[in-house]
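A.B. asks: Using the sequences provided together with the hints, build the complete structure.
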Amino acid sequence: MVVAGAVAAEWKPKIITFLCNWCSYAGADLAGTSRLQYPTDIRVIRVPCSGRINPLYIIKALAGGADGVLVSGCHPGDCHYLSGNMYARRRFTVLKKLLAMAGFEPDRVHFTWVSASEGGRFASIVTEVSEKVRKLGPSSFGGTNNEL
Amino acid sequence: GGIARNEENGKLLLHYSDYISAGNISESGEKLIEYRNEGCNGDHAKSQIESRNKYLNEGRMSAEYDLIVLSTGLKPSSGSSKLFQDAGIKTDQFGFCWTNEMNPPQTSVKGILACGASAGPKDIPETVLEASAAAAEASAVASATITDISLYKRFFKEEAEPETRDVSKEPVRVGVFVCHCGINIGGYLSVSQVVEHAKKLPHVVFAEEYLYSCSIDSQKVIADRIKEYGINRVVVASCTPRTHEPLFQGVLQKAGLNPYLFTMANIRDQCSWVHMDQYKEATEKAKDLLKMAVGKAIYSRQLTRQKIEVNKSTLVIGGGMAGMSAALELAGMGFFVYLAEKSNTLGGNARQLSTSVSGRPIKPYVEDYIHRVENNPLIKVLLNARIERIDGYVGNFSTILRSINNEFEPVIISHGAVIVATGAHEQKPSDYLYGKNPAVLTQLELEDRLEKRMSSSDPNSKEFPDSIFMIQCASSRNSDTPYCSRVCCNQAVKNALRIRQKQPDTKITILYRDIRTYGMNELQYKRARKSGIRFVHYETANAPFISENDDGSLAVSFFDGVVNKRISENAGMLVLAGAVKPDADENRKLGQMLKVPVNQDGFFLEAHVKLRPVDFATEGVFLCGLAHSPRNLRESITQGKAAAARAATIVSKDMLETEGTVARTDDTYCSGCGACEMVCAYKAITIEDIKKRDGTIRKARINAVLCKGCGTCSAVCRCGAIDVNGFSDRQVLNEIDFLMQQ
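Residue numbers (the numbering used here), protein chains in the order written: chain E, 24 to 171; chain U, 2 to 743.
Be aware that a few hints might be false.
Said to hold, decoys possible - To give a feel for the contact side, a few chain E residues facing chain U, derived at Cβ under 10 angstroms:
1. Leu42
2. Leu59
3. Ile76
4. Ser138
5. Val149
What the hints assert, rightly or not - For the chain U half of the interface with chain E, some residues (derived, Cβ under 7 angstroms), not all of them:
6. Asp270
7. Tyr513
8. Pro598
9. Val680
10. Ser729
11. Val733
12. Asn735
13. Leu740
Think of the hints as simulated: they come from the structure by calculation, not from any bench. Built from N, CA and C at the ideal position, the CB exists for glycine as well.
C.D. replies: Structure (structure tokens):
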């Protein structure tokens, strides 16, 4: 669903980002304390665990017009709640296939693992994902009346 | 050097000398003659002086600047000298309070403790540590001397629990408080625009900005506004909830609101600090983040906290000086401690030390510590112990310990808090012929030699050769070990002075990159230089090189920046400063068990570098000693005591409150399928038979005490029957809605 024609010069992508409280959110905070700079496109929603993330949230985000979605949790084996990220991983593998089937460009949705001490990694992932989403152009969903 | 003002353009003129080996420059040229090589003829010495003078003259520079910043030091505050005098406590020559190196923060008067900069210049983390350590000592004294607490009740004003008003029937009224955080936010985005934007959002009845919203003054203003405007949902846009959520939740409680009606927007750590050059975009993002927080706040509900009983024992992992200090301090306060040590002795690295930084013998002190620990009825020591498993959470941990050599049967211990004191070791260097030539040692190995030498009764026996070289930063500050190991400069200076004391004719040369004899040890460094110990600076690009002569003796080749030549000298002994290295693999394993982070270098990562230096973000787990970072004995002991003080805040309580952000079910939608029960890592959900009038049905039941609120159950529920308080579906979806639609 790539928008045909020229992209508005003022288009600022919105990438809804789900970060788990114990690892990824802390890693993002560390990027801040370290004053690492990254693009302004992400909008963070804090969740207790990546396992909390219902696939509904991601679909709602995309249907609501988000140009991209980024989900980040603890590294496999390091989940603060022991196994939440394992269930998240399986869930997202299936969801990615479903989204592809529904016609969403794979590069709009990203899943990754960032630990509490990986401020640098967080900054580079955000930069990378922002790049990829920008290349795809604005989401063709737009519109504010898409009630799911 | 000096600073003058250029009269023509008003700029500041800085005169300075660009010396490479600045440490060796002396005022007059004669000093250099002592500095020449052995076996050098007169001509060589002369040419050294000549090239040196040439260099001195050519090294003089001056440059213009608009602003010159002077780094001044710290000195005791003006009222202190009288205070210390009145208290009768000893001060050092600079007016700082003297504290016992082996028993910090004790001053020269028993019962008077000193912490922070009054006891010497130090940074915030050290200050906080010393303060916690002092609190621990004071608690221990209080516990021992106070027999009837009711005698003192009249000194404590019981703060009445403020009445919480029930807002469930009220229309939603959101109050927004946006913080400048000094210039940390205000300098990089427009706070006033964020406030103006907030006013336009649905349900927002009030929005205001503050310079520092977490200050005592601002907290009071916020509480007042809540009452004034009938606010029943609070949004603060400032730093990170990971550090400040509890603080603002406290403000809500004082204002009579349930703490869970609070939401935070992170517009600093995740906005202003990471977009410092994009004022417009950062402002737009901050507005968005605020919108999302308001969206979430609207669906916040009043939540209740559960009370759980606390187990009053503590498990200390590691029997070195830090671990033992923590154990003794907790026992002093009246709490039971399990001290688990993986080797077969207590004492850790201190066993290898000969003297402290100021030259006091350490062994008797370490032995006294071990003796006190072993004979304390409140401390149970488990040697040769390995931790197999740690389950549970703050107030209720359960740990399985195994014995390495079958000394004891596997034990399961219950405890309320954990202190990690796993330490570190001296890394043996991989070059400079270490391990290949017997004359090459590490500083700790030198300490061992000095210890033996000191105890040798023959004053004439020559333990040390005529020429000794020491190389600092031998295995630190490189790509493998990028950090400074902190203890080695002090240790080298200390050991060099000790050798000279025993054998004054020994020629000692210390090759260094930067001398870091911080604090009062700078005086030792001056002493060392005055005593004739030679300090030669080296750059990594031109590092020293060690080779063996034909007879097996050592040849040290180093670059002398003053004469601009490489010089080679023979050495009877070479001492290397090995890096302080943690056991990264072991730490990572333990970190996983305790759910605490380990940084890239393998040290444990504290909750906050400055304000919570011995806490982990995970509740109930604390940290001290070398497991945190390289530090000397005094600093390790201080940290051990500080960790004890922090752990005591848990184990001194009879009950703790759990978080209200737990999962809840709705029987209307629950089909009793059991998917939630399967995925819960804490066994907090069970599918139970519920008796109804016409039979039994099966529904999920959640134990709010065991539930940690991760939400995995909620995401897996096909019926939408489980939700998570504080992170509910409606809240998350509304965050998305507000972002995309408002």
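A.B. asks: Determine for every hint whether it applies to the structure shown.
C.D. replies: Going down the list of hints, with the structure as the test:
Among the interface hints, the one on leucine 42 of chain E holds; its C-beta lies about 9 angstroms from the nearest C-beta in chain U, closer than the 10 angstroms criterion. Interface restraint check: leucine 59 of chain E against chain U, minimum CB-CB distance 6 angstroms, threshold 10 angstroms, status holds. For isoleucine 76 of chain E, the suggested interface contact is upheld, since its CB lies about 6 angstroms from the closest CB of chain U, less than 10 angstroms. With a least beta-carbon distance of about 7 angstroms to chain U, the hint placing serine 138 of chain E at the interface is held under the 10 angstroms criterion.
A least Cβ separation of about 9 angstroms between valine 149 of chain E and chain U falls short of the 10 angstroms threshold, and the interface hint therefore holds. For aspartate 270 of chain U, the shortest C-beta to C-beta distance to chain E is roughly 3 angstroms, which falls under 7 angstroms, so the interface hint holds. Evaluation of the tyrosine 513 of chain U hint against chain E yields a violated restraint, the C-beta minimum of about 29 angstroms exceeding 7 angstroms. Evaluation of the proline 598 of chain U hint against chain E yields a held restraint, the C-beta minimum of about 4 angstroms falling below 7 angstroms.
With a cut of 7 angstroms, the hint placing valine 680 of chain U at the interface with chain E holds, because the nearest CB-to-CB distance is about 6 angstroms. Here the hint on serine 729 of chain U is broken, as its CB sits about 10 angstroms from the closest CB of chain E, past 7 angstroms. Look at valine 733 of chain U: its Cβ gets to within about 6 angstroms of chain E, closer than 7 angstroms, so that hint holds up. Interface restraint check: asparagine 735 of chain U against chain E, minimum CB-CB distance 10 angstroms, threshold 7 angstroms, status violated.
Nearest Cβ of chain E to the Cβ of leucine 740 of chain U: about 6 angstroms, under the 7 angstroms cut. The hint holds.
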